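Protein chains in written order, with numbering that gives the first Met the number 0: chain A, 0 to 255; chain B, 0 to 242.
Heads up, a few of these hints could be off.
[Said to hold, decoys possible] In silico BS3-like cross-links for lysine-lysine, where the CA-CA straight-line distance does not exceed 25 Å: (1) B:211 - A:215; (2) B:116 - B:56; (3) B:78 - B:107; (4) A:33 - B:116; (5) B:56 - B:67; (6) A:2 - A:215; (7) A:133 - B:221; (8) A:33 - A:133; (9) A:133 - B:223; (10) A:133 - B:211; (11) B:222 - B:56; (12) B:178 - B:211; (13) B:78 - A:133; (14) B:78 - B:178; (15) A:33 - B:107; (16) A:5 - A:215; (17) A:3 - A:133; (18) B:67 - B:78; (19) B:67 - B:95; (20) B:178 - B:221; (21) B:67 - B:116; (22) B:222 - A:33; (23) B:78 - B:116; (24) B:211 - B:222.
Please keep in mind that the hints were generated in silico from the structure rather than gathered at the bench.
All of these numbers come straight from a predicted model, not from anything done at the bench.
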Amino acid sequence: MKKKAKELISDLQDFYLLSYHGLMGVVRRPFYFKDLIEQMDYAGSGSFFIILLISLFIGMALSLQLSAELSRLGMKMYTGKIVGISIIREIGPVLTALVFAGRVGSGIASELGSMVLGHQVDTLRVFGVDPVKKLVTPRILSALIMLPVLTIIGDCVSLFGAYYIAVFVSHQSGTFFWSSIRDILIYENVLAGSIKPFIFGSLIACISCYMGLSTKGGAIGLRRTTTRAVVASFIAIIVADFILTRVLLYVLGFSV
Amino acid sequence: MIEFDRVSFSYGNRFVLNDLSFSVHEDERVAILGGSGDGKTTILKLIIGLLRPDSGKILIDGEDITEKTEDELRDIRIKFSMVFQDGALFDSLSVKENVAFPLREYTKMSEEEIDRKVRELLRRVGLEEAIGYMPEELSGGMHRRVAIMRSMAAFQPKMFLYDEATTGLDPVSADVICKLILDISEQGGGFIIVTHKVFDAFKLAERFMFLKSGTIIFDGDKKKMLHSTIPEIQIFLRELNWS
Ligand SMILES: Nc1ncnc2c1ncn2[C@@H]1O[C@H](COP(=O)(O)OP(=O)(O)OP(=O)(O)O)[C@@H](O)[C@H]1O
Ligand SMILES: [Mg+2]
Chain A
0 MKKKAKELIS DLQDFYLLSY HGLMGVVRRP FYFKDLIEQM DYAGSGSFFI
50 ILLISLFIGM ALSLQLSAEL SRLGMKMYTG KIVGISIIRE IGPVLTALVF
100 AGRVGSGIAS ELGSMVLGHQ VDTLRVFGVD PVKKLVTPRI LSALIMLPVL
150 TIIGDCVSLF GAYYIAVFVS HQSGTFFWSS IRDILIYENV LAGSIKPFIF
200 GSLIACISCY MGLSTKGGAI GLRRTTTRAV VASFIAIIVA DFILTRVLLY
250 VLGFSV
Chain B
0 MIEFDRVSFS YGNRFVLNDL SFSVHEDERV AILGGSGDGK TTILKLIIGL
50 LRPDSGKILI DGEDITEKTE DELRDIRIKF SMVFQDGALF DSLSVKENVA
100 FPLREYTKMS EEEIDRKVRE LLRRVGLEEA IGYMPEELSG GMHRRVAIMR
150 SMAAFQPKMF LYDEATTGLD PVSADVICKL ILDISEQGGG FIIVTHKVFD
200 AFKLAERFMF LKSGTIIFDG DKKKMLHSTI PEIQIFLREL NWS
C-alpha cells in the first residue's frame with residue numbers, strides 16, 4: 000500500500016514535469032513548426048466528422064427532450080434558451096473534449112508508445128534532439144489550438160440540430176428560437192464555454208503524451224497505454240469540468 | 000575508450016546489471032553475447048548516456064559521463080554510432096528524411112548537399128532506388144542497412160555500437176549486414192555488437208564477452224571461448240554445430 004502510494008506520487012511528479020517542460024517548449028527554441036502543422040492536421044481531420052455527427056444528434060436529442068417536457072408545462076418558448084445554455088456552457092465543450100480524447104488522445108498515446116518501444120525516442124536523443132520539444136510540445140500546442148476550434152464548430156452544429164427539432168418537429172417559431180440564442184450569447188456564457196476547451200485540450204495532450212512516453216512491455220504494454228490514456232483523459236475532463244464550472248460561476252457572479 | 004567501473008543498474012526494483020566492470024579499446028571488435036533480457040541493450044544505452052547507472056562509474060575517453068547533463072552528453076554521443084535493435088527508423092519519415100535527419104541536426108548543409116550525401120550513403124549499401132520509400136515498405140535487412148547509414152551520416156564516429164544487428168534476418172541478409180559492419184570497421188573504428196547469435200558473432204568479432212544475470216561470466220578470444228566449460232556458453236555454442 001505504502002509502495003503503491005509512493006509510486007503514484009512519483010508518477011504524478013513525472014507527469015507535472017513533462018507537462019511543464021512540454022508547455023515551456025512553446026517559448027523556448029528550437030521550435031518544430033512542421034511537426035505542429037502535422038499534429039494540427041491529424042487532430043483536426045481525425046475528429047472533425049465524428050464531432051459534427053455527434054454534436055448534431057446530441058443537439059437534436061436535447062431539443063426533443065426539452066420541447067416535450069416544457070410543452071407539458073406550457074413553457075415551450077424557453078426551449079431555445081435552455082438548450083443554448085446547456086450546449087454552450089456545458090455539453091458542447093465536454094462532449095467535444097471526450098470525442099477528442101477518444102480519437103486524438105488515444106492516437107497520440109499509441110504513436111508515442113510505439114516510438115518508445117521501437118527505440119525511436121532513444122534515437123532522437125542520440126541525435127541530440129529533445130524528445131519533449133520535438134514530440135510533446137507540438138502535440139500540446141495543436142490540442143490547444145484545435146480543440147477550441149472544434150468546440151466552436153460542434154456548438155454551432157448542435158444549435159442547428161436543436162433549431163431543426165424545435166421548428167420542424169415541435170413547431171416553434173424559428174425567429175424566436177434564434178433571438179433567444181442571441182440573448183444568451185452574452186459575455187459570461189461565451190467566456191464560460193470557451194475557457195473549458197483550452198483546459199481540456201492541454202489535459203488530454205499532456206496525459207496522452209505522458210502515458211505514451213512511459214510505455215513499457217511490448218504489445219500488451221501498448222494496449223495498456225492506450226486504454227489508460229483514454230480513461231485518464233475522460234476522468235480528468237469530467238472532474239475538471241465540474242471544478243471549472245464551480246469556479247467560473249463564482250467568478251462570473253452567478254448565484255447557484 | 001570505454002571503461003565500466005563497478006556499474007550496477009536496475010529498472011525500479013528489478014536488477015539488471017550487477018557490479019559490472021570491463022574496458023574496451025576503440026579499435027577492438029567486441030561481441031557481447033547473452034540471452035534475452037540479460038541486459039545487453041542496457042549496456043549499450045549506458046555507454047551513450049541514455050540511462051544512468053545506480054552506482055559505479057562509466058568513463059568515455061577518461062571522462063566520467065554519469066553526472067553529465069543532456070547537453071554535455073551530446074559531445075560524448077557523437078563519438079559513437081548507435082544502431083538500435085530493429086533499426087529504429089522514424090516511421091513517419093521517408094528513407095531519405097531518415098538518413099537526412101542527423102545531417103539536418105548536426106550540419107549546416109544545403110538541400111542539394113544533403114540530397115547528394117544521402118544518395119551517396121544509400122548507394123554504398125545498394126539502396127539508392129529506395130530513397131523515396133517509407134520504412135514500412137522496406138524488408139528487415141534493408142531497414143538495418145538504412146539505419147546503419149543513418150547512424151554514421153553526419154560525423155565520423157570513433158566506435159560503432161550495434162544492437163542485435165543481424166537478429167531476425169535470413170542468413171543471406173544477415174551475411175550482407177556482417178560484411179557491411181566489417182567493411183565500415185576497416186575504414187577505422189572498432190565496434191561492439193550485442194547479439195545472441197554466436198555464428199554471426201564469430202564472423203565479426205575478435206573478443207567475446209558473455210553476459211549472464213547482469214555479470215560478465217566470460218571475456219576472451221574465440222579459441223578460449225570454444226574451449227570454455229561454462230555450461231551456458233556450451234549451450235550457445237551448440238548453434239555452431241547446426242550451422
Ligand atoms: N524500460 C524498462 N522498464 C523496466 N524493465 C525494463 C525496461 N527495459 C528493459 N527492462 C528489463 O530489463 C532487462 C534487460 O533488458 P535489455 O533490454 O537490456 O535486455 P536484452 O539483453 O537486450 O534482451 P533482448 O535480447 O531481448 O533484447 C529485461 O529483463 C527487461 O525486461
Ligand atoms: Mg536488447
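Which of the numbered hints are not met once you compare them with the structure shown? Per hint list: 2, 7, 9, 10, 11, 12, 17, 19, 21 and 22 violated.
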